[in-house]
Amino acid sequence: MFEYALSFMIFLPILGGLALLFAPVGRGAARGIGMGIALVVLAMGVELFIGFAATGEMQHVEHRPWSTALGISYSLGVDGISLLVLMAGAVLFPLVYSVFTTREKGFYANLLLVQGAMIGAICATDLVLFYIFWEVMLLPVFFMIGIYGGEQRLPATLKITIYTIAGSLLMLAALIYVGVTHHDQFGFWSFAIADLSALELRGGFTAIAFFMFMVAFAIKIPLFPFHTWLPDAYTEAPTSTTFVLSAIMAKIGVYGVIRFVIPVFDLEFARWAMLLSLAGVAGMIYCGLAAIAQQDIKRLLAFSSASHMGIIAVGVFCMNVQALTGSLFQIAAHATSTGVLFLFVGLMEERAQTRRIEDFGGIAYQAPIFATFFAIAMLASVGLPGTSGFIGEFLIILGAVKFSMPIAILTGTTLVIGVCYMLWMFQRVFFEQAGERSARFEDLKPTEALAFLPVILLIIGMGIFPQAFISKIEPAAQQQVAQFQSSGQSKAAATAQATPSRLNHQN
Amino acid sequence: METTAAYISLIPLFPLAGALLTGLLHMFTCRSRKLPESLYATLGCIGPLLSLFFALVVFVHLKGMPAEERFLSHIPFTWFAVGDLQVDMGFLADPLSSLMLLFVTFIGSLIHIYSIGYMAGDDNFGKFFSYLNLFLGAMLILVLGNGPVVMFVGWEGVGLCSYLLISFYSKDRDNVLAGNKAFIVNRIGDLGFVLGVSLLFWAIGAGGFDYLSLQANASGLAPAVGIAVCLLLFLGACGKSAQIPLYVWLPDAMAGPTPVSALIHAATMVTAGVYMVARFSFLYVQFPIAGSVVAWVGILTALLAAIFGLFQRDIKKILAYSTVSQLGYMFAGVGVAAYSAGIFHVFTHAFFKALLFLGAGAVIYAMHHQQDIWKMGGLKKKMPKTYWTMLVGALALAGCPPLSGFFSKDEILFSALAKGHTGIWIVGVVVAGLTAYYTFRMIFVVFHGQPRDQHAYDQAQDAPAVMTVPLIILAVGAFFVGFLNLPGIFGGHLQVSHWLAPSLTESHPHVGIGVELLAIFAGVAAFAIGIYIAYRKFNEGAPEPEYQGFARFGYHKFYVDEVYNAVFVQPYKAFGGVISRIFEPKVVDLPVRLSARLYRWGGNAFKALQVGYVRVYAIYMVIGLSLMSLFLSQSIN
Amino acid sequence: MFAEWLFIAFALLAVLGAIGLILFRHPMNGAMSLVVTMISLAGLYALLSARLIFVLQLIVYAGAIMSLILFIIMFLNIQNSDLPEEKGRNLYLLGGIVLLIPVASLLIKVVKTLPGSEATIVGSGFGGVKEVGLVLFQDWLLPFEIVSLLLLVSLVGAVVLAGKRRSGK
Amino acid sequence: MIQDYLILSIILFCLGILGVVSRRNVFTVFMSIELMLNAANLAFLAFSRLHESMDGHVLAMMVMAVAAAEAALALAVVILLHKHKSKLDTNVFSLLRG
Amino acid sequence: MHDFLTLLPLLIVVAGAIVLMLLSAFDKTPLERAAFVSMGFFAAAFLLQLLTGCGPETLVFERIFNGMLVVNNFTMIAALIIFACGFFTAMSSHSYFQVNRVGILEFYALIMFAACGMILLTMAGEMITAFIALEIMSLAIYVLVGFDRNRLTATEAILKYMLLGAFAGGFFAMGTALIYGAAGTTSFAALSTAIAGGTISSPLLLGGAFLIFVALLFKIAAFPFHAWVMDVYEGAAVPVTGFMATALKAAVFTLFANILVIHGELHQGWVEFLFYLAVFTMFGGNLIAIGQNNLKRMLAASGIVHTGYLLIGLVAISAESFTGAVIGYYLAAYAAGTLGIFAALSYLGGEGEKRTNFDDFRGLARVRPYSAAAITIFLLSMAGIPPTAGFMGKFYIITSAINAGQIALAVLAVVSSIFSMWYYLRLIIAMYFHQAEESFTTAGSPWAGAGTLALAISVFAIGLYPIII
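From first to last, the protein sequence lines are chains A, B, C, D and E. Add 712 to the 1-based position in the first sequence for the working numbering, that's all there is to it. Take the second sequence: its position 537, counting from 1, is numbered 521 in the working numbering, and each next residue is one higher. Add 60 to the 1-based position in the third sequence for the working numbering, that's all there is to it. Add 505 to the 1-based position in the fourth sequence for the working numbering, that's all there is to it. Add 270 to the 1-based position in the fifth sequence for the working numbering, that's all there is to it.
The shape of chain A in the complex, shown without the other chains (with noise of 0.2 Å):
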């Protein structure tokens, strides 16, 4: 792996999707740049995974010095807590430009600037960096959504657009108030989450800047009650769009809490926790149940995300080894299942035109490849040991449990949810006598089952090796809880003498 890995992965696909703008190709030329250059990632990708050695440190670091005025640096690294989202952001996109073949160009050209700008996300580790690519990576999307969507997109798309935007310009006022506290404490300026996880956030207004932290992402993950942008956006974005919504931009929101919130808000995160969890295992159980009264397969796979969101921010929040790694491995189990879940449904679309629950029926017997595909991937996302599902909701709930019994009795409670509506949609769409539009449903072809096949063992894969990716993000695991447990004590041993002179100091 060279020098400047993580820089060439995150550019070389915004250079190539600004490229594919700007140059007179046609959408098959186009496709096949972006299914290029998406593999040249996947490629690197993988070699990084290899590679990457399993201990708690940082790896691949680069680091250039930027605004050196505000101590603003171009500095990136991979370590084992955006491994794995870094993986979802890497490896499940050739599978877009391979399933969906009729695109325009434009429509590539933002598929590879999202790449970019999301990899760029989760490999900056300083926070000013995260934050432009946090919100350059809004703006393709915005554009899929508002260009090749539905009939409802527009409301759809300026409803997600405002919110995720309020929400990420609440968290530029917090990240700038710590940058200045930092300045205030050690005297020189630094965005750099490494310096910033040594302050000492003490006043009336850190509440205020963790919640406005907090709620950038809890917008982005969606966490309940901020998730209503979801359903609808998720329903009007072309199936690609919302695969990368759900697949990996969702994760980036729970990695943000991760590798940002945590370490610079300890104190108040360790204050907070029972509530954000609450609101996790509430998101879980709202969604799920509102799954189940879905006419439309999209739609009801956009509220089973967004339950399977929630458990994932539980396994945050309970912040200990098991229940963090847990959702570490999670989201990229998470990816991989419901994003392939996705994209089946665009499949479905296309073949049968409707996306309405009960237009299908006996699929099971027209397309018996496509429905064991579907199946696999469907008990990968309700926990089924064996699948990759299952791992990661066994470590949540265990944590949980350490956490607090109710939390986890809650949050086991997604085992039952999470089957019901599924299997209901299973028996509506694959069983029972075959409706008129899918009579002829068509099998997935060759290509397309060659396509999926990687992801489905994977998903198999995972779940029956999963050290080979725990003993990767688990040290990182490890070492995160021993910083903010350790560093929690300190800090309450230091509140507890607090210098009113700081107290005051903060406004």
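These are computed hints drawn from the structure, not numbers from a lab.
Just some of the chain D residues that point at chain B, by a computed CB distance under 8 Å:
1) ILE522
2) VAL526
3) ARG529
4) ASN596
5) SER599
Please read these numbers as outputs of a predicted model, since none were measured by experiment. For glycine and all other residues, C-beta sits at the position ideal for the given N, C-alpha and C.
Assemble chains B, C, D and E onto chain A, guided by the hints.
Just chains B, C, D and E now, with coordinates in the frame of chain A:
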């Protein structure tokens, strides 16, 4: 030694490989052309037979070892390890699991063979065998797993397969609904299981999370936590083994093909709960309260199911309720810490219940998928093999000495009595009578008397050999396996119990011969009374009775399904609808929409202020000016 | 003593003229009353012993600017019909006064804080052409320079806006 | 003594403002602005009398120059307006609004 | 000598103005050439300004101008911005006047005059100089607003702007008078020493500063002195609008800052005042902008919002260690974005500015993808989305605010920029998410397009290389 240990992890692999093979074959070919059934049959049956063979090897090997260190464990790889949590994908063969292993593989193989005949001509022949193999593999993982988490893999796997097989005829909505019900109810139990396991880990799991280490650390368990763990685990068992309040799925599960009912919903899967409790005997003995909860739930389930069984008209439903009832017995057994008795009943029950189901299957097969006993009758002459084998099974089930059912049931009731659970014993005896009654009601109505449907009767005949041979084998088993655990009073010395002893922590009470005799006598008496009544009522082709009063209530299964539906299912769906249609837009999203509307409103207001008259603009300026002057004039002394 | 009387007289005239400017309907009358104000202001400047400005006030303001205005008014020969009929004028006046009370009070409050020193006798040269000229060309060179720029701009502007534009554009 | 001058200038200033806000006749409004500038001049002179420095005089001259320049331009604008609509009512010109 | 060099850019612009004026006197030169001439002068001034470089030391022209001109880093930044604005305005008006033939030669002369006034304003070290410079600038811009005599809206715009501007000028004069009364002097340096020495009547100073600020707040269209800005922007020709939206604001804000930093005491006295002013300006501007359908009016209103942000910058400056970097950077970023949009409008607007509403630009992206992309970039920059200059500017403003302990103000700024997303996105949505209803064919020279491109690039350049800070 080492090689034998390695065999253990091979055993589940054979069926799984078979499942994969047949599944892929079917998946890729079913659209284009139909492969010969013989191919699927061979592929499907090799796996179980191989595992049966290796199971025997392992068993023999264990037998050759001294009783204390009779366990073989093999750990292919570490499954996942996070912090203190270390979960190996490891397999353990000790007396308990080896016994389960034996009869699971044995009966599994038989039923595979039987299915060749039963499923002949079905479009999804290959799919069926793939599922059946998958199930067997999962069941073996469940049995062989060396720790709770690995067990959970099999635990959920068998649940999945039971879902797939119950909704096998998935063109018919009701079958699929039955499958969903089974899966969901099982999931409720699994929730308990997972929570229990997690709790167990935080309590004593840090020093290794397999049975042996847990057993070693079990003493360090606080009572509250321990009881919670036991009850949560038992919730899981309730789901899997159809105990109150989660038994409702099992009768519906009869929607699946009959071999499935025989294998999964009678012989093996449903007994997993009992096996699990026995596995955790080292916990349950520590906390007798939890044990007695288990026992009482079990015996009450037995009673309830027996009552329901009295009034069923569907031959498979009758058997299903009897299964639930027998499971209740088993839990009563393990509940009163008579683990070997419970397991032994599992063992015998596997034989005679499988036998009964397969026989019923033969009958249904002969009657062209007619399952209503009130449409049958007098089949004794038409299908003697089926009749005699089923008679053996029925006798065993009813607990007729000296058949297998008698000994195992007697062992349980005796232990209950001996360990002072008199109430449980009394209920048990009553249930024994009921069992005898409804079992022979079925036998008499189906096989004796006059045919009620002449047309079907004329075409009825014994099934082909591929189906009858397994029946006969099972019948022999059902007759004789009881002697494996012959109590001392009959001159035996409880081989099975002694065999199981190393892996169970239980104490055998030493009570007077009188108690033992009393137990035996009561059992026999109950059996006799039950059969006598059944004989009087149904022997000579009684007409279908009209159920009134309590009978009607029982005929409708106390309306439990209806109640569950009204209390859980409907509210759940309604709630979902309310949330997504009303709550989401009107409440959660309200602030967002409201703020947007306010913003627009304010915009229009300010738009209206731009009147376009320059003088008005000047006035705005002056207003601002004067307000600011007010603001400033405070700051001047 | 005499100075006080003069001041009061001029002040009254100035205020009356200003009020007239605001109240007269026809701009012509308003302009005339503004001239009155200007002239009385010139008198006040004289009282403040600002000779040069006194002259300039008379020549530039009362002379040039006001006559220019009057000229334009006549040039457009405005009939009463062209004048806006300002119905709610008194209302606006009232409102304006109300609005202006705080402003005026603030400013008056401000100047009240000055030491109420009596006007001292200043040197004879004070405010003379020569003296002011010296100050102007020594200290205030730059403003003087750029004022020329300002006048240039206004010239060009006047041409652009009102001048006769060549055809073809 | 000086304060009286200043208060007078403030009164004139406010009267000028009053004229601007209360009249619609372009000429009147414009002359009210001139009045405001005059008030400023008076203040300049009064202060320079107070400080006994002649800077105030210069400043007043500058203000006069500015006033002259503005006057020229303003009158040009007035002519322009009169060309478009032969009215001097500021309220007539309210196409741009909302 | 160096003094002369530092003044040279100003002199160049003056010379250019006079040359153009003379050119327009004899009516020989075609309009296009005049445009190039003024572009040339502006470019020369800009480059020279860059070459003379921004030394940190402040340069006071004691000897020649009695300290009434002050040149320092900040004024040089402002000068650079103003020159650039003039350059690009001339560039885009080149195309603009080819499409709608109302151009006159004096136009360019007046632009340069206005630029002179602005430069003087930034450098002014004394009140009355500032007043005169302000008037030079204002008069020139009045004329630029109304130079198209045949359009009634233009005339109306000049009427409104001129009456209110003169009105504000009256306040400035009175304020100067009071300040003169307070200290006996009007030069900033002397005032600073006077405040430091305490030999000053603070109430008079306060009153004077108040009236002067009122005038300045009017010029930068701060709430509640903002009402004129929408009408004037709409009435004026597009290039003029762009010019007054950017250069004027830059100049006046520079003066504002210079006055505020005369002494820390002075600044402290006005912090609270400016706080409320900033808040009202931001939200008032947002509320006005949301209701607009006309693009120019919307941009005017959003300009009000940006005034609010700049006021935050004024709140946050510290008189002791003042570099003006933050305000300068924000002004540059804002100027790039706004000028860009107006440049694009000046060639997309079409004959007689027939396309000025949001709906007129429906489907632009389908027909003219590059123009749409450029406009999108500018809008995003104004909205403060990274990695554009607007984001960095907002970042620095908020940082300075929080650094000055004004956390509440920072949060409010963020909230207001959330509001402002709405109307920026509205145009993007119109351009991208609808089908094209017309072909957006534009006549005229490509210069405006070139300017747009250059500005689009500079938006990113400024954003990615925050050299000024």
